[in-house]
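**Q** Quick note, the sequences are listed as chains A and B, same order. Counting from 0, one number per residue, gives the positions in the first sequence under numbering that gives the first Met the number 0. Counting from 0, one number per residue, gives the positions in the second sequence under numbering that gives the first Met the number 0.
No lab work stands behind these hints: they were computed from the structure. Take these hints with a grain of salt, some might be off.
As the list claims (entries may be wrong) - Straight-line alpha carbon distances no greater than 30 Å define the calculated DSS-like cross-link-like pairs of lysine-lysine that follow:
| id | chain 1 | residue 1 | chain 2 | residue 2 |
| --- | --- | --- | --- | --- |
| 1 | B | LYS384 | A | LYS107 |
| 2 | B | LYS66 | A | LYS66 |
| 3 | A | LYS177 | B | LYS66 |
| 4 | A | LYS384 | B | LYS384 |
| 5 | A | LYS385 | B | LYS103 |
| 6 | B | LYS384 | A | LYS41 |
| 7 | B | LYS384 | A | LYS103 |
| 8 | B | LYS41 | A | LYS384 |
| 9 | A | LYS103 | B | LYS385 |
| 10 | B | LYS107 | A | LYS384 |
| 11 | A | LYS385 | B | LYS340 |
| 12 | A | LYS66 | B | LYS177 |
Just so it is clear, the structure is predicted and the values come from calculations on it, not from any experiment.
Number of protein chains: 2
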Amino acid sequence: MSDDGSERSFDLIVIGGGPAGYMGALRASELGMRVALLESGKVGGVCLHQGCIPTKSLLEVSSLIQKTSASAANGLQYDPPRIDFAKIMASGQVVVNRLHQGIKHLLKSGGVVTFESSGRLAGVDKVILSGRSGEQILHADNILLATGSRPKDFPGLPFDHERVIDSSDALSFNPSGKKIGILGGGVVGVEFSQIFTSLGGNVTIFERERSILPGEDPELVSILSRELDRQGVLLRCGVSVGSISRNDQGVSLSIVPAGASTETFPEEIAVEYLLVAIGRTPNTAGLGLDSAGVILSRDKAVIVDDSGWSGVGGIYAAGDLAGGAMLAHAASHEAIVCVEKIAGLDPDPIDPINVPRVVYTHPEMVSVGLTLEQAQKKGLPAIQKKFPLMANGRSLIHGDRRGIVKVVLDETSGALLGFGGVGPGLSEILPVATLAIGLPDGARRLSHSIFPHPTVAEAIWDALRTR
Amino acid sequence: MSDDGSERSFDLIVIGGGPAGYMGALRASELGMRVALLESGKVGGVCLHQGCIPTKSLLEVSSLIQKTSASAANGLQYDPPRIDFAKIMASGQVVVNRLHQGIKHLLKSGGVVTFESSGRLAGVDKVILSGRSGEQILHADNILLATGSRPKDFPGLPFDHERVIDSSDALSFNPSGKKIGILGGGVVGVEFSQIFTSLGGNVTIFERERSILPGEDPELVSILSRELDRQGVLLRCGVSVGSISRNDQGVSLSIVPAGASTETFPEEIAVEYLLVAIGRTPNTAGLGLDSAGVILSRDKAVIVDDSGWSGVGGIYAAGDLAGGAMLAHAASHEAIVCVEKIAGLDPDPIDPINVPRVVYTHPEMVSVGLTLEQAQKKGLPAIQKKFPLMANGRSLIHGDRRGIVKVVLDETSGALLGFGGVGPGLSEILPVATLAIGLPDGARRLSHSIFPHPTVAEAIWDALRTR
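Please construct the entire structure, taking both the sequences and the accompanying hints into account.
**A** Encoded structure:
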């Protein structure tokens, strides 16, 4: 280690400053490690700058437009608002900036040494930085890789960021009066379908599977689908996109029913803009993984064990780079587990089934734990109970009478196995289900717990009490 | 027991059909009892018809007005809405009616025999009904008294329901352009202050104690007070009302600083309307309590043990009639405890400290469990940790940067002892704190739990992780 800054040693080098990277760095510094954090962009990562936070700002705007357009029946008659798209962007940016400053402050006060640079492995304990002022070398026995992911493009159709856009482009895209296709009915596609529609766009989602949000509880998906339909989003599910081409007017898609024979005559669909939201690819390129012998999965994710270890030296990976749920809150926890493991603690590994999932539309769709089907497949004596939100006072007050919550439980043991629902603000209610799922008798405890009245949360209690 | 309906026997007679009465009746019927429920008004009680539900409908309206008036900065510029007060009332009533039908349906399908009648005890096992069709007598070994409470009037100033109004009158009161005094800065007074102000009223709260919401955490109260002030509510705390008189123009109050000498020259204040919200009195009159020897406290509440037993025969009391927190959710649970005790089960008594409390203003103020001060008084090695909502993404997105959450915990045992906060939608987050407080290691478990990002709920996790 030299003091001129050209070659320095740390206990941990973290590459990537998103939810995995900065949280891992902070936890490591709490545990007494000397930590270097490398981030060539801005700390906070995609989640803060192009993901969770900016989309939720837009969804908040979309929610207000929905509420005011429906409130005449409740005695408040609004004219449509004058929409200033630049201000919408700017006010979202204010939130992002504030949180960005917060993270920078935490890193600084935690003593984390932050480098505005990318980095690549040179063996198992060395990282080469390529910043503006030339190369620099850092040493550490432990390295946490957390470079995240980027939007996947459609084969043969690279993003031009004008007509063929990704989720980052979509954040600054004014959809008013435009005909927009969204390729992929996952969380990103569905959230943007509502944002674009409420801001005056004409939106069609194209999804290969039989419904949007494949893999999620079909009953919940069906409720949300009807809601999106009611709001004016056109859902084209069970369709396969054969080819896509750009032209002067925009983008042309040729689609056939999924599973149709190759001779099926395709339907040609013209849109002005196409948001491609078919998933994300881990950012492994240029990381020097070969130099250390780090192994990738077929999806190009770093293969890790349940504490995030890559199997090579002191190299760990967390967050989107390690595949899995690709959710910010999972990423942060994965990084904490890695770092605690490095510190010689014995952290509980993350059970993917207990990572809560949210679609932040209005209404929200949430889930955590097992569905009834999953529980029964595991051989658990599970039953399911439901409660309709049209019998929940707070939901009715929020104007929601179509939602539902459902609980999956083991009545013998009193365990809560799973929770899901569609309804207003259910994301805020997920934590009580997550906590209960972690207990041996969570369902029993919840059914004896006193929920404040009136809340949407009470619906969990009502569901559990249903006979 | 005769079949002509003049004299019938049940296992349990419940007098009063509010949250305590109907929930007790339902639980008893689940447990196999033959149950009679007496309600001279509408099942659902004050909570459904004149309390929790209608006020929250009005607060929802008030919230939307607040949001749209502040949203120009976020890119949505609204003209003030045309307010149709009759429609506001009507749409709130739609919610009430739906829930009312729901309760009636549950009682019917549960086999509860409902009498549209009041009832009075005639000894420990007999109740006399005075319905339209004359008197009728019911017998039961067990009787659950749940007749609730009514607003207290100011000594010497009976409610005239025109200028001197109670919280029920306030629900159908159009505050627009009116000068309104609110006597009492408790939850009811504070919630109505925001409703009236957002609908165009000019509101002053008069509170004897040094701040509104006496007894609640002063730091939280101070945040909410500033917020109300910003919204235009005038708070006159630490003032004692000497006399109040009605006159042609409205109501005149003479106030002095609380604790001032009797010679202090009073300030005369004129308002057009006065909402008296100084608490509630249990409805014991006409219940025939003497006939059974049931004892009342100084506050006219039925004195009960921790399972709701009055100490006389099989007579129990639950809800406002038994004093205490006077909250709907506490009432329901108290009734469940009574009924399970009657059924020979061994229900856990309710610990009043674990009954969550909410002020449903915007922002909401919530608490459950112990404050730091209370925990330290109990000799617990408690510490407090706080997290400002200006560092919470979802709160910023909701437009809230003034709120805070705080946790009280025992770091040695990992127990969560208390939780409180001021912020958007915190009522929905209370259940996770309530559940955690009931565990021996709730704080530790919560700090290892995965909260969805971004949510306001995450602030609990952040608070727990704060060093």
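**Q** So, for every hint listed, does it hold in this structure?
**A** Hint check results:
Taking the CA atoms of LYS384 of chain B and LYS107 of chain A, the gap is near 21 Å; set against the 30 Å cutoff, the hint holds. The hinted pair formed by LYS66 of chain B and LYS66 of chain A meets the criterion: a straight-line CA distance of about 11 Å does not exceed 30 Å. The suggested pairing of LYS177 of chain A with LYS66 of chain B holds, with an alpha-carbon distance near 28 Å, which does not exceed 30 Å. Restraint check: the Cα-Cα separation between LYS384 of chain A and LYS384 of chain B comes to about 37 Å, which exceeds 30 Å; the hinted pair is violated.
Distance restraint check for LYS385 of chain A and LYS103 of chain B: the Cα-Cα separation of roughly 20 Å lies within the 30 Å cut-off, and the hinted pair is therefore satisfied. Between LYS384 of chain B and LYS41 of chain A the alpha-carbon distance is near 29 Å, which keeps this suggested pair within the 30 Å criterion. Taking the CA atoms of LYS384 of chain B and LYS103 of chain A, the gap is near 21 Å; set against the 30 Å cutoff, the hint holds. As the CA atoms of LYS41 of chain B and LYS384 of chain A are separated by approximately 29 Å, the hinted pair is consistent with the 30 Å bound.
In summary, the hint linking LYS103 of chain A to LYS385 of chain B is supported, as the alpha carbons are separated by about 20 Å, within the 30 Å threshold. Taking the CA atoms of LYS107 of chain B and LYS384 of chain A, the gap is near 21 Å; set against the 30 Å cutoff, the hint holds. Restraint check: the Cα-Cα separation between LYS385 of chain A and LYS340 of chain B comes to about 28 Å, which is no more than 30 Å; the hinted pair holds. Only pairs whose Cα atoms come within 30 Å are accepted, and LYS66 of chain A paired with LYS177 of chain B is accepted, the gap being roughly 28 Å.
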